[in-house]
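Engineer: Residue numbers (numbering that gives the first Met the number 0), protein chains in the order written: chain C, 0 to 547; chain G, 0 to 182.
No lab work stands behind these hints, which were simulated from the structure alone.
Just so it is clear, CB atoms sit at the ideal spot from N, CA and C, and this is done for glycine as well.
Fair warning: there could be bad hints in the mix.
[Stated by the list, open to error] A short list of chain G residues far from chain C (calculated; beta carbon distances all over 10 Å):
1. Ala89
2. Ile107
3. Thr136
[Unchecked claim] Computed list of lysine-lysine pairs in DSSO-like fashion (alpha-carbon distance at most 30 Å, straight line):
4. Lys461(C) with Lys132(G)
5. Lys440(C) with Lys170(G)
6. Lys46(C) with Lys170(G)
7. Lys440(C) with Lys163(G)
Spelled out from the first residue to the last, the chains are:
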Amino acid sequence: MMELQRFPGGIHPEEHKQESSSRPIHAAFVPKKLVVPMRQHIGQPSKPIVKVGDRVLKGQMIAEADGYVSVAMHAPSSGIVTEIGLAAVPHPSGLPDLCITLSTDGRDEWAARTPIDWRNTDPAALRGHVRELGIAGLGGAVFPSSIKLDPAGGPPIHTLILNGGECEPWITCDDRLMRERAEDILEGARIMQHLLGAEKLIAGIEDNKPEAIAAMRAAAERLGLAIEIAAMPTLYPGGGGKQITKTLTGLDTPSGGRTTDVGVQVFNMGTSYALARAILHGEPLISRIVTVTGHVLQPQNFEVLIGTPISELLLHAGERDGTTGVIMGGPMMGFDVPDMDVPVVKATNCVLAKSKELFPPKPRELPCIRCTQCVPVCPAELQPQQLYWFARARDLGRAQEYHLFDCIECGCCSYVCPSHIPLVDYYRFAKSEIWAREKEKRLSDIARERHEFRLFRQEREKKEKAERLAAKAQTKRAEAPAPGDAEQDAKKKLIREALARAQARKAAVTPKNTDNLPPEKQAEIAEIEARRAKIVEIAKQPVEPEQH
Amino acid sequence: MLTAILVMAGIAVALGAVLGFAALRYKVEGDPLVEKIDAILPQTQCGQCGFPGCRPYAEAIARGEADINQCPPGGEEGVKKLAELLGVEAKPLDETHGVTKPKSVAYIDEALCIGCTLCIQACPVDAILGAAKQMHTIIASECTGCELCVAPCPVNCISMVPLKEDLGSWKWKYPVFRLRQAT
Ligand code: SF4
Ligand code: SF4
Ligand code: SF4
Ligand code: SF4
């Protein structure tokens, strides 16, 4: 039995797992309409490769990966493409994004599926398949898995961790997945271990999921897979990548770094399962397990086709009166969905219906009293009250000095804050402001460079012109017949004659269509010429700043 | 595959070298203060400050010949940063030089464009593509929104389009102003 370590900070929020964990996963249903957003993963949005009116089969690629940090997208069921355009998506901004909408035909007809012989496939090609099959992290970050599975360019990966922490309250999708489909998860882990070359394979599961732990252990035995399955103490946010790495390996991720810096790669259970389905069965990522819980009649986990509207999912779980809103994700790190018709996406692990009783309105934000209760609970060992102070004052430089970017937005600090300050909102504001400024800086650097290049080019052109003129003047001077150079002279004479002939020819054929015109036409031409001159004049003028 | 990657990498390196060389070649030998001021200026190169570009304005500030509040694209925030750098009092933007507008990019109505190249000659960052008598288009990612190409166009086919916020450019708002649902 391995020895577990304790990560710093953490809290024990009410679990609320029982509500949904006792029922088995409900099989997928096919809604009439599926809306597949092109931006479901971190990185470049996928690029549509179908047209409106196309008939597509279940699992058929409908959008390709665009660039390295991207994945492909597939039709979750068979049907007709009815729209490619902006539609509501689950995002805290409430802004629409590019989506492909399908009208399903109810036949749920699969495209050809080709399992991949991964043991005899070149690793780079195998990673290519992972990308083409749309696999991205299902734990919430949705980072393209093909990149995480590439060990090149970093320190060697010695340990692969399967993350079964599922520490957020209410969410039980990984729990049910482990109970019901443990073998597939482990098959996926085998492929990942092969790609990463990791010697060690550990699964970390919080000890509030004893059935899942038992199921995983039994499956490992059946498969004869060398994996350590550890029961971790239940503590939020124990499922964070850095936290689970600390718990299982004792290794500390450096500030500003990733777990791969210490040789550990972490994958979510659902991702491992999706990878196994993709490689071993040729099924792209077109569905996932979603916990539908909170204020619904029958809280349960569902296998859900990507693109299924949330409203429809709520109907299946039994919508109740008095629903005050829906959170996508858990109560700690999730966000309110702006519109009930937004689709389930690859990141959707939970759909949590709110009511006044379950989620009473937050009390008003009060000033920070510097009680420092937020400090000991922070798993990143930050000073949340200081970060808050700087973010609030828009002092972004200081916030960064205090390691703002090590904040994992877990919400432990806001959870304990007696002043009910939405601390994480301030950190998110500060982070996105810093990102925006960095982007602005990059753009202005490019503009500076291009402007300087233009000045350089103009300078060069001017110089070249001057040189050309100087050279011409020189040849003119040299044209005075140099005695004794008869050959040159003869050549020049030939050229001169040829030129004269050409000029004569040109004069003969140039149509003189402006002569012999009636006076009105002449006037018109003069007017046009004047207008032309004026335009040229305007263009030459420097632009005056607009004065209001 | 590998050769393709190598070829591409080679081209990238060569182009990089050319740019790098150019950057070195015509880099104005730097007064560090000018560099610092220029780093704060937004590089829109619009000339609203009364100078033919950001760098000349930076030089004028460094020489003490221009005030720090003449750059509308930089806005109040830019003035604040300049004040901080120079250790002087910040002041409101001098509105005779124009007002701060939301960032826009130029858009050419390609159906109207007559290919006169006047806009190309006006663009300070070479963000317009086109040849004589062919319609022109703007490389939106390079356009600084300086508006210098708008006036010279003889057929008025260039307009400034404010950049719309989308998911890629969206920012978390300052919490105090966030609308909370009445739950
Ligand atoms: S817990 Fe809240 S009130 Fe206390 S120091 Fe932290 S932010 Fe301030
Ligand atoms: S949200 Fe950030 S600052 Fe607050 S406890 Fe979590 S990691 Fe620490
Ligand atoms: S006004 Fe225009 S040219 Fe002058 S500093 Fe500002 S952005 Fe640069
Ligand atoms: S395209 Fe027009 S607005 Fe954009 S940078 Fe060039 S001149 Fe300025």
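Engineer: Look at each hint and say if it fits the structure.
Structural biologist: Verification of the hints:
1. No Cβ of chain C comes within 10 Å of the Cβ of Ala89(G); the nearest lies about 15 Å off, and the non-interface call holds.
2. Distance check on Ile107(G): its Cβ is at least 16 Å (rounded) from any Cβ of chain C, clearing the 10 Å threshold; non-interface status holds.
3. With a closest Cβ-Cβ approach of about 16 Å to chain C, Thr136(G) is found to remain outside the 10 Å limit, as its non-interface label requires.
4. This hinted pair checks out: Lys461(C) and Lys132(G) have alpha carbons roughly 24 Å apart, not beyond 30 Å.
5. Only pairs whose Cα atoms come within 30 Å are accepted, and Lys440(C) paired with Lys170(G) is accepted, the gap being roughly 16 Å.
6. In summary, the hint linking Lys46(C) to Lys170(G) is supported, as the alpha carbons are separated by about 24 Å, within the 30 Å threshold.
7. Between Lys440(C) and Lys163(G) the CA atoms are separated by roughly 19 Å; this keeps the pair inside 30 Å, and the hint holds.
In summary, the structure agrees with every hint in the numbered list given earlier.
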